[in-house]
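**Student:** Order-wise, the sequence lines are chains F and Y. Per my numbering, the very first residue in the first sequence carries number 1; after that it's consecutive. Per my numbering, the very first residue in the second sequence carries number 309; after that it's consecutive.
No lab work stands behind these hints, which were simulated from the structure alone. Cβ atoms here follow ideal geometry from the backbone N, Cα and C, with glycine treated the same way. Treat each hint with caution, since some may be false.
The list that follows gives simulated cross-link-like pairs (lysine-lysine, DSSO-like), each with its CA atoms no further than 27 Å apart [claimed, not checked]:
no., chain 1, residue 1, chain 2, residue 2
1, F, K304, Y, K539
2, F, K5, F, K141
3, Y, K539, F, K296
4, F, K302, Y, K412
Pairwise CB distance ranges, derived in the manner of DEER restraints [as the list claims (entries may be wrong)]:
no., chain 1, residue 1, chain 2, residue 2, range
5, F, Y88, Y, L429, 36 to 42 Å
6, Y, W407, F, A294, 37 to 43 Å
7, Y, W407, F, L297, 40 to 46 Å
8, F, V252, Y, F325, 29 to 35 Å
9, Y, I425, F, V252, 35 to 41 Å
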Amino acid sequence: MNFSKIFNTSLIYATFRSATPIIYAALCAAITQQADILNIGTEGIMLTGAFAAVTVSYLTGSWILGVLTAMAAGFLMSMIMAVGHIRYKAEICAIGMGINMFAIAITKFLLNSVLGKSGTFSEPEIQAIPRVSLPFLTKVKFLNELFNNWCITEWFVIVLIIAIWFIFYKTVWGLRLRAVGQFPAAAQTAGINVNAMKYQAIAISGLIGGLAGAHLSLGYSKMFTENMTNARGFMGVAAMYFGSGHPILTAVGCLVFGFSDSIGARLQAYGVPSQLVLLMPYVVVIVTLAISMASKLAREKKRKSSLA
Amino acid sequence: MKATMQSLIKILLTMIFALLIGAIFILIIGENPLEAYVALVRGAFNGKLKIGTTLASFTPLLLTSCAFAVAAKAGAFNVGVEGEVFLGGITAAYIGINWTFLPKPILLVACFAGAIIVAALWAWIPAVLKVYYRVSEVCVTILMNSVALYITSYLVSGPMSAGVANAQSLPVTVNLTQFMKPSSVNTGLFVAIAVVVLVTLVLYKTTIGYKIRSVGTNPNFSEYVGISPKKSLIQAMMLSGALGGIAGCIEVLGVHGYFLNNFATGLGSNGMLASLIVKNNMVFAPFMAFFLAMLKSGAMGMQQSTGVPKSLVDTITAVFIIVATMELLFKFGNKKPRRGGGTPPGKTANADIETQTRTGVNLPSAKTTGTPTHNEGEVTT
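Just chain Y, same shape as in the assembly (with noise of 0.2 Å):
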């Protein structure tokens, strides 16, 4: 529980931190930071359209961010996620378009069923050649998420386009129900969180989330007691790929009704940030998704009613995450690492994967936060 506050006060330090530069920039331009701060909140909760907007901002997030910890938790860096997206949308539409003679229920089921398995597919990709080949999957998943918007938006502005000035996909035959109109905030919502609860059960509670974890924390280790990193790296890659497919597919069919260009540019970018300050922590990951949230959509009403640019919370979360990865900043005491006891997984948040010995064959559950390496197989020194 100790290391629990202690990464929850770390986080709440950062936060103020990240919001104290901000107020700097702010000052810098000549205008108050309470006031553009008080018209960000207000911006993001003022009113049922706008809490509204800002569930919906949040549902895309909340998958991305499980997304990218998924494949943190296996050791892997996946930037891809916006790739995913992107596919799992387009994928989505196209079932959504043309597959009109299922029935309506099982027409969903298509749509999501078909955005899994391509978003699974393309992030399948770098997993290979990470495992087989040591190819770094931050480049080649970086460089795979522009493949994946070109694709996208060559198949909207030509095959599949609707015939209007826009580049956008006809409008798909079935939809999920928006429940809080005017905003776009739809069932889609209760989706992800099912979807984040479930990656999270398979995490901690089936054989697979333990070997997932396991190979994140240390690969030598798991292959000597006969897992295969190769394997449980390529399932994580693609679970999280599936993530990011499914977050793509609620935004196609509950929010914009049809493909729109260019619609998820910054969904995975934004859903990495929240991963990325918590440290991958599952539990924490949700509430940092909101909070990214929050500030999108807040960022709106700030830029209207006083003359801050909205760009300025991307600053924020910028410095926010900078600030957040380096370890040593606010760290209070000297914490003695605990070497071999049994940690419940997901109440430790700094772990030193170093100090950890891993004897026997009773192992002591993996520690939950690895950082994740780059080169497969090689502890950071």
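Chain F extracted, bound-state conformation (with noise of 0.2 Å):
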């Protein structure tokens, strides 16, 4: 096995490639995480933005219009959840996995019927997220490898992650998410409308949710498959669970998981069976999870234990 040809350069940019759906996934869970909400749903609004993005693309030739459909598409589904969830009491998860289900239905059921096709879409007009070039960069080989091509949304999820740290610690509106996360009754008392912080957390993480459907049907590839998220949108729950709602340390846990899902990918090329290579992420996933909640437990209790 040639260790050089898995570590290499490329592999830095390969790793951010994978994570990047992941991130977007991961945001808008840790928006409603912040929240107190758990979006189990992040899969469903993720696959239903992917799809808008893909057809609209298709049918328009534009892919600024697909990127918007489906943040509204992304916006809808949380919508659904908001109003279950807030309004007529749904129990979060269930109504996130009916979410879920509903995206995988509603998606192959217009596969079917508007489009015509059944499993793939994947058309030549479809127009797919342009990537940046920097010709700049072109001389030094080592940058160019690393920074040369990005796609739009894999430099915009940077400014994403910085963006929603910032409103969530420094801006009065985080300040307020956070408490109504934490301590809802107090909230309250202070004046904050619960119910409308948690309304806006949703349809934001709605709008991410989209864009990150966006980013992976027309930025990380450029076709739409049946059920094409693939449990993303639950390793971006994993991930924000890693990182306790934070972006930034989300983000870093996404890193973990696309540098084993593109570490697999290369393995493969040396023998190791397609399904074993595919199942890594999944397994490091559950892994850094159990590993990172035993240790916030461990720190939680010790916190404790000093107080007493």
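Make one complex out of these two single chains by using the hints.
**Tutor:** Here you go:
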């Protein structure tokens, strides 16, 4: 086995590339988590977004419209969840799973009936999200491999991580959001409209989830397949747990998952069976999640004992 | 009784609502909804073969819905039933192919036992992670489904492959009798019914079951009176896993006769739907499982005789579940929360956990449909 073939500079971008959809999903879950809502529906929101993006990009030939429609679709899905959970007191896990099932079914149904395809939809007319080429980087091979030809949404995710971090921890809105999440009764006493905050959090989460889907179908790939999210939304939720809702830590968690994914893809060339390669990221996610939760629990215990 | 009636009415209304939304979708694509639904029912019940197929798809759903409900009774949201079905199936296939030194009846029992043990152990992992490290079982079980799928897929395309184009194992040497040929319904149906009745009895008539239900309703209280919430939750998850394993075993031994790659896709999630729609009520869940099985097996007939794609059925069930989870939708009158009363278990549908007083040694029987909270020790506020 040739280690220099597996671990080289292009691995860094490969890691980031496969982590990006998960980062978007994780941010989608993180926002609601700050309001103490577990967004299990991330997967479904993402899938609808992916479908909307591809369809609109195919029909209009404009990726911007595709992305915007994807965000609108994500918003719509998240609103079903918001109304169900807040207004009609649906249990969040149950309605989240409902949203996921609905997304799988409705995308499949529309794929069959509107686009007349089954399984995969991949046409040359689909406009992908363009890649940013930086000509001045071509002179330095290392930087060129690392930073050139990123997709626009890949650059944008970095902006988004920082923006969300800023919103959470440096703005009044973020403070209120976290207050609602940590102690809703106290937040209400302080004059914060708890339900309005929850609606806003879920709405923004829907927009980001839609964007996650658009990136998956137009940036990461250039097609739509049934259930193409393939548990990425759940990985995002896992990453969110790993970073306990902090956007930057969460993104780091996603990079770990992306790393295992891209290592796996390279190992496949050395005769490791494809199924074992495919299951690796899932195992890594579960193990990382377990370890991070265990260490968090240990820290909490220590803190409590030092108080007493 | 009144509460039972009310929840029944609610389920029926939800069902009608979901079918209406489905009708709108059918209208949008330019077909006649009435025709499509008639074709759906005909596709499920017209003729011996179709009834048999409906019963055959009912068998695993009965078990998986029960599996989800059992875990939910203890407050765990077990999405991982599908993975348990896969692993139970592959274990049954392995034993059925390789342990030919055993006489047939014992081999059959061994297949079931193996499937139960492996699936229960698989469910043990998320249970332990949840109770000791507070890892969300929803996340872990979903991801473990993919792991189980890939493990079995690796086994049947590699070490256990039959060497044919499809990824599948060799045929097993012991089968459950198919009694309504040419459909694949088999004696596993009776096994499933017996198992579900048994599990319901365990939950409602034994101490273990009582503990499980009490932990699901209020873990803090249970701990206070000396029930270990951790132990009960692990037990419930393993029981849930075992049920999934039985479903996998029946599918392999009764329906296919070998392990077919990907055979269980959708079985776990549909079972979960059936259970969630009726708020994990063990009595209603089988009926809902039957309804979903009918939709599933009728879908093919609908697609063939009308222009409606069968994915519409999934859409309808998804709408069904979304509407069904909304507790306050279709709620009539002001139902006053009863305090402390000894409501017999299984009779109350919308238990309001917070309003129950739980003092004294003589517990009010645990309300049966406590919503699964995702954090242990935290009653939803």
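**Student:** Are the hints correct? Go through all of them and say.
**Tutor:** Verification of the hints:
| no. | hint | result |
| --- | --- | --- |
| 1 | F:K304 <-> Y:K539 | holds, 25 Å |
| 2 | F:K5 <-> F:K141 | holds, 17 Å |
| 3 | Y:K539 <-> F:K296 | holds, 22 Å |
| 4 | F:K302 <-> Y:K412 | violated, 57 Å |
| 5 | F:Y88 <-> Y:L429: 36 to 42 Å | holds, 38 Å |
| 6 | Y:W407 <-> F:A294: 37 to 43 Å | holds, 38 Å |
| 7 | Y:W407 <-> F:L297: 40 to 46 Å | holds, 42 Å |
| 8 | F:V252 <-> Y:F325: 29 to 35 Å | violated, 44 Å |
| 9 | Y:I425 <-> F:V252: 35 to 41 Å | holds, 38 Å |
Hint compliance for this structure: hints 4 and 8 are not met, and every other hint is.
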